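Trainee: Listed below are the residues making up each chain.
There are 2 protein chains.
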Amino acid sequence: MTSIDPSHIASCAQLAMLLEVSATPKPGNIDRDHNYTDTRFEHFLASAVGVYPVLEKATHSKSGVGALIREAVIESGRWQKGGNTHFGAFILLIPLVMAAGRCEDRTCLKTQVQKVARETTVEDAVEFYRAFSAAKVNVKPVDDLSLGDIASFDKIKEQGLTLFNLMEISGSYDMIAEEWTNGFQKTFGCAASIQNKIKEHGINDAVVLTFMELLSNYKDTFIQTKFDDKKAEEVSMRSKSILQKGHIDEIKGEIHAFDEQLLKEGINPGSTADIIIAGLFVSFFEGMRF
Amino acid sequence: MTSIDPSHIASCAQLAMLLEVSATPKPGNIDRDHNYTDTRFEHFLASAVGVYPVLEKATHSKSGVGALIREAVIESGRWQKGGNTHFGAFILLIPLVMAAGRCEDRTCLKTQVQKVARETTVEDAVEFYRAFSAAKVNVKPVDDLSLGDIASFDKIKEQGLTLFNLMEISGSYDMIAEEWTNGFQKTFGCAASIQNKIKEHGINDAVVLTFMELLSNYKDTFIQTKFDDKKAEEVSMRSKSILQKGHIDEIKGEIHAFDEQLLKEGINPGSTADIIIAGLFVSFFEGMRF
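Chains A and B, in that order, are what the protein sequence lines are. In terms of my numbering, the first sequence opens at residue 23 and continues consecutively. In terms of my numbering, the second sequence opens at residue 23 and continues consecutively.
If we strip away everything but chain A, and leave its shape as in the complex, we get:
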C-alpha cells in the first residue's frame, strides 16, 4: 500500500508536462510561443489533460508498464488532433509514476523505479511496440526488430525479450532507453538542477537553464535520429558556448536566437524535453512548489 495519494502523484506528472511545454525559450521545441505546422502548444496541454486517468491508474498498478504506455498514447490522442506529443515522456513517466505509487514516502523513488524497469516482461515489450506504432514516432527501430511488424512481436516472444531487455539493446544510442538501464540518472540529475535553480530564477528560467545544460552535456537522441550524430554534437557545443557566456539575463537574447535557428532548421531536441518532464515530476513528487 502506498501512503501517498494516487491523485497527488498523477497531478505531479501532469504539472510536469504542462510546465515543460510552457517553458520558453526552449531551443527548437514547441513552447508557449512556438508551434509547429500541425502540432501546437495547445495540443500538448490537451494531451496532459487526457492522460491524467492513465497516470492515476499507473500509481496503483503493480505491473503492465507496456500496456500503460500504450494506454497513455491512446488517451493523449483522444483529446487532441496534433499527433504525437508525449510518447517519449510517457516512457519515463509511467515507470516513475508506478514507482511513486509503491513509495511509502518521498525518498524511495530512485530504488523503486529501477525495480519497476527490471520487473518488466515480454508482454510489456509487445505492448510497447504496439504503443510505438500508435504514436507513429519517427525513431530508430530497436536493432532489426522493425516496428509495427507482426514478425517483430513473434521475434520478441521467441527470444523472450522483456521491455527492460529492449531498453538495454537501445540504451547505447537512445538517451530515453538509457535512463531505464542506468537508474534514471539524467532524470534525477535534472530534478536536482531544477530544484537548485528555482529560487533564484523562478520556474520558467530554472527549466530553460536546465534544458540548456542537458543539451550541452548530452547529444539529443531525437536529433541524432532525425539528422545525425554530428548535428546533435553541434547543438550540444552551441548550448555549451552560450551557457559559458554568463547569467541568464545576459544570455537570454542568444538563447532566443539559438531557438529561432533550430526551429528554422527543424531541429527539435525532443528527448531532452522528455528528460525535463521526468525531472520536473521527480521535483514535484519531492515537494517542490513555486
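If you are wondering where the hints come from, they were derived from the structure by calculation, not from laboratory data. These numbers were taken from a predicted model, which means no experiment stands behind them.
The list that follows gives simulated cross-link-like pairs (lysine-lysine, DSS-like), each with its CA atoms no further than 25 Å apart:
(1) B:Lys103 x A:Lys221
(2) A:Lys137 x A:Lys179
(3) B:Lys177 x B:Lys158
(4) B:Lys262 x B:Lys221
(5) B:Lys262 x B:Lys219
(6) B:Lys221 x A:Lys103
(7) B:Lys158 x B:Lys79
(8) A:Lys103 x B:Lys219
(9) A:Lys79 x B:Lys79
(10) A:Lys248 x A:Lys158
(11) A:Lys241 x A:Lys267
(12) A:Lys219 x B:Lys103
(13) B:Lys137 x B:Lys84
(14) A:Lys241 x A:Lys274
(15) B:Lys286 x B:Lys253
With chain A fixed as given, assemble chain B onto it according to the hints.
Mentor: Just chain B now, with coordinates in the frame of chain A:
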C-alpha cells in the same frame, strides 16, 4: 447514475481552465505572454492541476456546491503560491460540473445546472462565504453582509438565505452571480460563439475573439468593482470599436495595443475570463475537439 465518465467531465473543466489562461492576447488578463507581479501564468496551470480531484468529486456530488467551491479554492492554493487564480471560475464550474454528472447525455446541461443552482441551501451560502475569505477576492460584499465576518454567517442563517438567494441579491451588479439566476445565459452563448469560430480561427483566436465580443457586450464586474462603472463601459466601447474594424488578422495589432494599455492601467476583466472558462467547459462537454 451518470452515463458519462466522471474523469471525462473533470478533464473538460480542466482543459477549459488551461486554454483560457493560455489564449493570447486577452486584453488586461494574464495569458501565456503576460504575468502580474506576484501571480504568473504558471500559477494558473498549477491551479488547474490541483483542482482536478475536486472537479471529479463534484461530478458525483448530489449537493454541497458551497463546500465544493471552498474545497476547489483550497486545493488550487495547495499547488501554487500565486494567490487567487480561479475563484470566479469555480463559482461557475462547480455547478456546471455537478450538472454534467447528472446528465444522461450531452444535451441536458442547461436544464440540470439551473436545478443545481436552485437546490442550494443555507449551508452552501455559509460555505461560499468561507471560500470567499479563503480566496481573498477583492470584490464587493453582497449587500451589507461583510465577508469573513462571523456575524454575517449568523445573518445568513437568521434570514435563511441559500446560495441561490445570495446570487439573486448580487445578480444585479455581478455578472457571475447573474449566470446563476438567468440560466447561465452568457456561458452558453460563449460556448456557441467558440464552437462557431474554432474551425476558421483555431482554438486560440476563437477564444480571443469571443473574449472581445463578451467584453464589448457586457461590462466586466471585476473592472466595475476595482474601478467604476464608467471604466467598465469604456473598456466595452473600445472592444466594440476594435471588433468592428474587421477580420482578426487585421485587428490583432489593435488587440495587442489594447492589451498593453489595460495591463499598464491594471484593468483586468477577470469576470469575462471566468465566463470564457465556463463556455469552454460547455464546448468540450458537448464534444468540441481541436
